[in-house]
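S.K.: Residue numbers (our numbering), protein chains in the order written: chain Z, 709 to 833; chain F, 709 to 833; chain D, 448 to 850; chain C, 448 to 850.
The set of hints was computed from the structure by calculation and includes no laboratory data. Any given hint might turn out to be false.
Below, computed lysine-lysine pairings styled on DSSO-like, alpha-carbon distance capped at 27 Å [claimed, not checked]: (1) D/K848 - D/K830; (2) D/K637 - D/K584; (3) C/K539 - D/K535; (4) C/K539 - D/K539; (5) F/K753 - F/K786; (6) Z/K716 - D/K449; (7) C/K830 - C/K717; (8) Z/K763 - D/K830; (9) Z/K831 - D/K848; (10) F/K784 - F/K832; (11) D/K738 - D/K615; (12) D/K830 - Z/K716; (13) Z/K784 - Z/K758; (14) C/K535 - D/K535; (15) C/K493 - D/K449; (16) D/K718 - D/K737; (17) Z/K716 - C/K493; (18) F/K716 - D/K493; (19) F/K830 - F/K786; (20) D/K584 - D/K537; (21) C/K830 - F/K716; (22) C/K848 - F/K763; (23) F/K831 - F/K763; (24) F/K832 - F/K753; (25) D/K493 - C/K449; (26) C/K535 - D/K539; (27) C/K615 - C/K738; (28) Z/K763 - D/K848; (29) C/K830 - F/K763; (30) F/K831 - C/K848; (31) C/K537 - C/K584; (32) C/K584 - C/K663; (33) C/K449 - F/K716.
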Amino acid sequence: MPGPYSDKVMDHFMNPRNMGEIEDADGVGEVGNPSCGDVMKLYLKIQDDKIVDVKFKTFGCGAAIASSSMTTELIKGKTIDEALKLSNQAVAEALGGLPPAKEHCSVLAEDALKAAIEDYRKKKG
Amino acid sequence: MPGPYSDKVMDHFMNPRNMGEIEDADGVGEVGNPSCGDVMKLYLKIQDDKIVDVKFKTFGCGAAIASSSMTTELIKGKTIDEALKLSNQAVAEALGGLPPAKEHCSVLAEDALKAAIEDYRKKKG
Amino acid sequence: MKRIYFDHSSTTPVDNRVLDAMLPYFVEHFGNPSSILIEEGGRPHKAVEEAREKIARLIGAQMNEIIFTSSATESNNMAIKGLALANKDKGKHILFSDIEHFSIMNQADFMRNLGFEIDFIQVDNYGVVDMDDLAKKVRDDTVLVSVMHANLEIGTIEPIKEIASFLKEREIVFHSDGTGSCGRIPVDVKDLGVDSMTISSHQFYGPKGVAALYLKNGMRLSSIMHGGFQEMGYRAGTENVPGIVGFGEAARFAMEELDERVHRLVTLGKKLWNGMESTIDFLHFTGHPKKRLPGHVSFWIEFVEGESLLLWLNLNSIACASGSACASNMMAADETGLKASHVLTAVGVPPEICHGSITFSLGKDNTPEEVEHVLYVMPGIVKRLRDMSPLYASFRQQEGKRK
Amino acid sequence: MKRIYFDHSSTTPVDNRVLDAMLPYFVEHFGNPSSILIEEGGRPHKAVEEAREKIARLIGAQMNEIIFTSSATESNNMAIKGLALANKDKGKHILFSDIEHFSIMNQADFMRNLGFEIDFIQVDNYGVVDMDDLAKKVRDDTVLVSVMHANLEIGTIEPIKEIASFLKEREIVFHSDGTGSCGRIPVDVKDLGVDSMTISSHQFYGPKGVAALYLKNGMRLSSIMHGGFQEMGYRAGTENVPGIVGFGEAARFAMEELDERVHRLVTLGKKLWNGMESTIDFLHFTGHPKKRLPGHVSFWIEFVEGESLLLWLNLNSIACASGSACASNMMAADETGLKASHVLTAVGVPPEICHGSITFSLGKDNTPEEVEHVLYVMPGIVKRLRDMSPLYASFRQQEGKRK
Ligand SMILES: Cc1ncc(COP(=O)(O)O)c(C=O)c1O
Ligand SMILES: Cc1ncc(COP(=O)(O)O)c(C=O)c1O
Chain Z
709 MPGPYSDKVM
719 DHFMNPRNMG
729 EIEDADGVGE
739 VGNPSCGDVM
749 KLYLKIQDDK
759 IVDVKFKTFG
769 CGAAIASSSM
779 TTELIKGKTI
789 DEALKLSNQA
799 VAEALGGLPP
809 AKEHCSVLAE
819 DALKAAIEDY
829 RKKKG
Chain F
709 MPGPYSDKVM
719 DHFMNPRNMG
729 EIEDADGVGE
739 VGNPSCGDVM
749 KLYLKIQDDK
759 IVDVKFKTFG
769 CGAAIASSSM
779 TTELIKGKTI
789 DEALKLSNQA
799 VAEALGGLPP
809 AKEHCSVLAE
819 DALKAAIEDY
829 RKKKG
Chain D
448 MKRIYFDHSS
458 TTPVDNRVLD
468 AMLPYFVEHF
478 GNPSSILIEE
488 GGRPHKAVEE
498 AREKIARLIG
508 AQMNEIIFTS
518 SATESNNMAI
528 KGLALANKDK
538 GKHILFSDIE
548 HFSIMNQADF
558 MRNLGFEIDF
568 IQVDNYGVVD
578 MDDLAKKVRD
588 DTVLVSVMHA
598 NLEIGTIEPI
608 KEIASFLKER
618 EIVFHSDGTG
628 SCGRIPVDVK
638 DLGVDSMTIS
648 SHQFYGPKGV
658 AALYLKNGMR
668 LSSIMHGGFQ
678 EMGYRAGTEN
688 VPGIVGFGEA
698 ARFAMEELDE
708 RVHRLVTLGK
718 KLWNGMESTI
728 DFLHFTGHPK
738 KRLPGHVSFW
748 IEFVEGESLL
758 LWLNLNSIAC
768 ASGSACASNM
778 MAADETGLKA
788 SHVLTAVGVP
798 PEICHGSITF
808 SLGKDNTPEE
818 VEHVLYVMPG
828 IVKRLRDMSP
838 LYASFRQQEG
848 KRK
Chain C
448 MKRIYFDHSS
458 TTPVDNRVLD
468 AMLPYFVEHF
478 GNPSSILIEE
488 GGRPHKAVEE
498 AREKIARLIG
508 AQMNEIIFTS
518 SATESNNMAI
528 KGLALANKDK
538 GKHILFSDIE
548 HFSIMNQADF
558 MRNLGFEIDF
568 IQVDNYGVVD
578 MDDLAKKVRD
588 DTVLVSVMHA
598 NLEIGTIEPI
608 KEIASFLKER
618 EIVFHSDGTG
628 SCGRIPVDVK
638 DLGVDSMTIS
648 SHQFYGPKGV
658 AALYLKNGMR
668 LSSIMHGGFQ
678 EMGYRAGTEN
688 VPGIVGFGEA
698 ARFAMEELDE
708 RVHRLVTLGK
718 KLWNGMESTI
728 DFLHFTGHPK
738 KRLPGHVSFW
748 IEFVEGESLL
758 LWLNLNSIAC
768 ASGSACASNM
778 MAADETGLKA
788 SHVLTAVGVP
798 PEICHGSITF
808 SLGKDNTPEE
818 VEHVLYVMPG
828 IVKRLRDMSP
838 LYASFRQQEG
848 KRK
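Extracted from the complex, chain Z is given alone in its bound form:
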């Protein structure tokens, strides 16, 4: 299908990786606002500063879902510090690019990740 979304975006939209919840997550981040169209929730399972499991739930457009999915793939197995270095551009790039009007979706993914890590740190104290 020729369209605004790359094949990678469509692949992650159709087959989202790591979709779901983690019951006993160590960190949870929820960002976005339904009034802007997208809500993203990220669950992290962390052991020894390493992200051993990650899941997401997203209400949003194709780009939002694909960005969430790609973010989980990119951070799984990484240390927290490595994960924090993940920029929204990196997510967009890994997806083969996003239409200009949709770049904010990759920003949302970055924000969700940061919020989840912050939540983890807060919980950890």
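Starting from the structure of chain Z, add chains F, D and C with the ligands where the hints point.
M.R.: What follows is chains F, D and C with the ligands alone, placed relative to chain Z:
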């Protein structure tokens, strides 16, 4: 040919009746001005107040040539008084109508006729 | 799989019979209709006038009340700018309904720069213009009012006749955008009483690149497209002859087959509406339940985002629109293009939902089987997206607690 | 008898190869290019962008410098109104050449109403813009100058590059109407140095109903067609997809075959020019003898009225134009439409002659045999009309006396 001119107009344009000059005309009328695009010259041969012969020369558009030709047909054999009653509408009607932008051509024909008759009357004294 | 096209609000395919009528005018009868002194111009000239007559007949107008343009957008621009400028001695105040298409709405700034004042008439929750609000907003210096005939996003048909008679008493010029109505439902401009109306070819199986403005005899309109003497001086530029011919044929077929088409579409629309209602929970229809375009079903679904729904439908070979059919532009330079639909906001849909609206607009060639297939596919997609939604998860949790 | 079409200034037939490229976009790929989220929109969207690239390549522009419109007239309106309004803080003074097409000229009153001041630049007897007059008329508050690239009535090609560099120094925006040049002769907008240029599809075997405006990157232009987000926000309205596709293909063929076409037309034009010169007395060519469009031969003949000449040629299966190709409108409401051509008046042709001008504009498919046939037919028609002319009679009489 579908076009702005009626078949009658095209017939008189292609086969103008009474085109030419009368060497020893009793009345000659020339009207129009090259700057308005049309010049019409009408020659009358008159016997006993009756138009026994008529010829014209015209520089002008299709409507001007057809109006001249039709005018000569309509007045041939008529008395001067009858001829003077010929209106430009009658000429246009006889031609099956003229496009609005070309109605002035039939006016020109009427004017040429009047000028020729005036010339005749002046010459007669 | 064969595609199921439920997006006739965005555009329609050209009818094969319409294309056949257009074909001779590209190569064979290619002449310029203004070149009527040569044979090449005669046939195209005649073809344009015949098409004009067909459009006129479709909407009950006189031939010389039809001005050809290049799009509904151009007709709307011509009407608002042209009528306001020509009548500005009467006043500077203009009213648009709150649910006008962008091709009306986005003229507001330009008109303000020309010294006009723009106000907006409210609609009720069904998208029907509020006559009381109109009465309240009309002023002594109101010169022009624009209310569309039918809204392609939510399907609602407006009380044009009522508005026209209200405005006539006050001698206010009334333009109605008939993009959604002409060719789809019976339209009689004399009966409606409008002063001008936009008609769009590609909304009823005619080609893109051509439209018309009905302009009532005697109305003053300033040209905004200056040049040669085409279209009675209202709209300059060499005529799009094949486009106009196709538009004319499409109008002829729309007229001949109108009853049949409406009947079919009403039936299909009802089937789709009822099916949706019974299979999808937390579903909200938009627009008026009765006074609406035949075969037009629009709604939003709680906890389901519209674009994702649209993408999944597309992957299932079903074409529809989300948000305004013509308006949503993903290729916008940045995210400012992604505003919530002003139409849905106007009918009171909460902004977070506006992105979730879907419009199914059926056409003359859709079938009951297609409706059934859509009804069969929908619940699965809705479930899938809800399962992904953190909003739905927390809603279910809350619900669980309440029980 | 097969028609001999020598009126390519008025319009051209669509190339069969162009029509073939358009056909899939009426019925099969009918989608709205803005609906890019559904499959139906993808292909049309891509087709529009591919066409944009072809137009850009034809004139040496970037893709994002091409805005599609519905006609050369619309492009000219968009350019003059849009550039003047967007830059009005720089000044209120606008200059048009004396030989601009009506689609530029007839904007003067509208622009004056918006507070602009319009002056006109003179041309010499060949129709070439007088650089001295331009220098004299340019003011500190001159904001915009419009000079066409090639005049379709008299064939003259203007010194656009020279004008552009003169204006660039003064930071004055420069629009050039390339309706007559683009697709006919090599055009490189960067080399010419124009800020905007009009390109017309139906002037080079593309369909009617579509054209474009080249707008140099960085130029400010106010939209005059408000609505959706099409054409980068410069020009709203659903795209005329098949028209745009055809325009693109026509541009591609024009580019690929340009040298060949020009070569052929120069040869045919020379043959016609020389033949006319040697067989018709009291004949006066109009326009520049060298700097002119290939295959374009325009003239007036003493004692022969143009419309009658054109009608007789038509009866002999020869199509040409008299007066301005696009301007003459016999169906005008009254005789005010029959003014002498402002172009011919500007090049110093006496008004009584203006009605007598003829333009032969040849195209890629004309043949030497056709030129020969026209040369064979002309003298008889000229004689026939002179024999009817009282002016010629009195001229001959005078001549006789002199001898
Ligand atoms: C009500 C209405 N008016 C006008 C338009 C503009 O139509 P176009 O893009 O064909 O100019 C639309 C587009 O869908 C519309 O819905
Ligand atoms: C130089 C020039 N510009 C613009 C136009 C207008 O073209 P259109 O009628 O296709 O809009 C013409 C028409 O012949 C022309 O000669």
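S.K.: Check each numbered hint against the structure and report the violated ones by number, ascending.
M.R.: When the structure is compared with the hints, none of them turns out to be violated.
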